[in-house]
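*Asks:* Kindly produce the complete structure, drawing on both the sequences and the hints.
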Amino acid sequence: MSTGMEQGVVLSPGGVRNPSLGRRRLPAGVSLLGLALSLLALVGPNWPLALVATAVVMLGIWLLWRPGESPILLFVFLFAWLQAAVQLYVANIKGVSAVELNQFVGDTDQATLLSLLACLMLAVGLRVGAGPWRLNDGILAKSVAQAVSLRRWFILYLAALGISTLLTGTAWSFGGVRQIILALASLKWAFFWMLAYATFARRQPAGLYLAIAFGIELILGFSGYFSGFKTVFFFTFLAMAAAGFRIAPKQSMVLAISGGLLLVIGALWSEIKVEYRQFISGYTGQQVVVVGPVERYEKLIDLASDIDAGSLRNGFEKLFLRIAYVDFFSVVLDTVPGSYPHTYGALWWDGIRRSFMPRLFFPDKKAINDSELVNRYTGLGVAGAKQGTSISLGYLAESYIDFGPWLMFAPLFLLAWAAGRVYRWYLKNPASAGLLGMAIATVMLFPLAGLETSIVKLIGALLLRFLASLIVIYYLVPRFLPWVLTTTQGRGR
Numbered sequence: 001m002s003t004g005m006e007q008g009v010v011l012s013p014g015g016v017r018n019p020s021l022g023r024r025r026l027p028a029g030v031s032l033l034g035l036a037l038s039l040l041a042l043v044g045p046n047w048p049l050a051l052v053a054t055a056v057v058m059l060g061i062w063l064l065w066r067p068g069e070s071p072i073l074l075f076v077f078l079f080a081w082l083q084a085a086v087q088l089y090v091a092n093i094k095g096v097s098a099v100e101l102n103q104f105v106g107d108t109d110q111a112t113l114l115s116l117l118a119c120l121m122l123a124v125g126l127r128v129g130a131g132p133w134r135l136n137d138g139i140l141a142k143s144v145a146q147a148v149s150l151r152r153w154f155i156l157y158l159a160a161l162g163i164s165t166l167l168t169g170t171a172w173s174f175g176g177v178r179q180i181i182l183a184l185a186s187l188k189w190a191f192f193w194m195l196a197y198a199t200f201a202r203r204q205p206a207g208l209y210l211a212i213a214f215g216i217e218l219i220l221g222f223s224g225y226f227s228g229f230k231t232v233f234f235f236t237f238l239a240m241a242a243a244g245f246r247i248a249p250k251q252s253m254v255l256a257i258s259g260g261l262l263l264v265i266g267a268l269w270s271e272i273k274v275e276y277r278q279f280i281s282g283y284t285g286q287q288v289v290v291v292g293p294v295e296r297y298e299k300l301i302d303l304a305s306d307i308d309a310g311s312l313r314n315g316f317e318k319l320f321l322r323i324a325y326v327d328f329f330s331v332v333l334d335t336v337p338g339s340y341p342h343t344y345g346a347l348w349w350d351g352i353r354r355s356f357m358p359r360l361f362f363p364d365k366k367a368i369n370d371s372e373l374v375n376r377y378t379g380l381g382v383a384g385a386k387q388g389t390s391i392s393l394g395y396l397a398e399s400y401i402d403f404g405p406w407l408m409f410a411p412l413f414l415l416a417w418a419a420g421r422v423y424r425w426y427l428k429n430p431a432s433a434g435l436l437g438m439a440i441a442t443v444m445l446f447p448l449a450g451l452e453t454s455i456v457k458l459i460g461a462l463l464l465r466f467l468a469s470l471i472v473i474y475y476l477v478p479r480f481l482p483w484v485l486t487t488t489q490g491r492g493r
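Read left to right, the sequence shown gives residues 1 to 493 (the working numbering).
No lab work stands behind these hints: they were computed from the structure.
All C-beta atoms, glycine included, are put in the ideal place defined by N, C-alpha and C.
Where hints are given, some of them may not hold.
As the list claims (entries may be wrong) - Across the chosen pairs, the derived CB separations fall in these ranges: (1) Tyr475 x Gly450: 24 to 32 Å; (2) Leu42 x Leu476: 48 to 56 Å; (3) Phe361 x Glu100: 45 to 53 Å.
Said to hold, decoys possible - Taking lysine-lysine and the DSS-like style, the derived pairs with C-alpha atoms no more than 25 Å apart in a straight line are: (4) Lys299 x Lys273; (5) Lys230 x Lys299; (6) Lys365 x Lys457; (7) Lys273 x Lys230; (8) Lys230 x Lys428.
*Replies:* So, in structure tokens, the structure goes:
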């Protein structure tokens, strides 16, 4: 395949000269997004910070837009930015200061500014680590996706789902290695992503298989203690963007309805989750499920049927408060170093150290208690493990506790750089290049998209998923799935 990247001209997979394929041009909608956010920034009292937020998101998009690849790097940045900035825009719409929307008393403006700068540092680190955009990565992924029938991708997903269900159900029997077992189970999403990508990569996608898989995952998302229903939406949208799927007017309506459905479901869940969790845990106050699936879904339907307009409004407000994640940080800014000294890397070191101490060899390793750290540095008395929950300061606030308002950005950059390097490794490694590498990279880096995650859990999740991916790449794929790396096998349509 000949390319003319210097002139922005390449040959398409069919051999036709196409001057547009080699250009990394931003979608037209990005300019409209920037204009809309700028207008929202200027209409309220928080306009200085809101303009900073607008500049940060536009720069982050420019840095991380990689057409034809999985947009997981961009998603990580955008989700973190949303958690840092959403309070500003909502406050502007309401005509109030962002401080008034803070659940607690703290330095909201400084927490927001530091969070926005941290998001920018994440974008820079991800871009430097991932290296320049390469057209051929997307071409290879699409050629593999289109060379195999959707039926075969669907069967592969079902097999991954079955194995994942088995691993998840038996993980607690494996004692000290259960975390790596659960990480391996989470890689089912790579195979869902490949099915979704292969569906959208076709000019006239037949979505029956994807619709079935989507429905299965949506139902399963409500079966656990935590809200996993949104994950299937995220991976579907990520696959759609990676495949470069062009949305027709009818499909735009479907996409808008899907986005609206996600928001409504999120609001409903925010309103009923406390009572639902109490029920499925047998009112034990523990993060366990002791109720059968039929009873779980019956309870969900019962709780949802009792929701009225007022309850739904409360659910949307709770959802908004759940997305925004600067409130704890604002309180920490008042207590550190005023009441508590900086810890000079202790939290980051603990996260790294614990990640290399598997419970198989360190059975006495202390359990993680995020809420304990929140209460220590905020004095808010949030619920903890005894109440069946875990609330984190988030890795930005913890990085500030370690290093202060300036040096806190150094470990964030290094973390993002490492994530970008891992992403590039998946795409360039011959054992995973193309569609498989994009799919696994998407799943592996997904935990990074969330400011609410603690350092120790974030590093542990990333390391465990990376180790689990090595099992898939170097053991399972060569022996059982070589066709996911080539375009010469599995062509049966």
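*Asks:* Now, for every hint given, state plainly whether the structure supports it.
*Replies:* Outcome of the hint check:
1. Tyr475 x Gly450: 24 to 32 Å: holds, 30 Å
2. Leu42 x Leu476: 48 to 56 Å: holds, 53 Å
3. Phe361 x Glu100: 45 to 53 Å: holds, 50 Å
4. Lys299 x Lys273: Distance of about 11 Å is within 25 Å: holds.
5. Lys230 x Lys299: holds, 19 Å
6. Lys365 x Lys457: Since the Cα atoms of lysine 365 and lysine 457 sit roughly 14 Å apart, the hinted pair holds (cutoff 25 Å).
7. Lys273 x Lys230: holds, 14 Å
8. Lys230 x Lys428: violated, 30 Å
Going through the hint list in order, the structure does not satisfy hint 8, though it satisfies all others.
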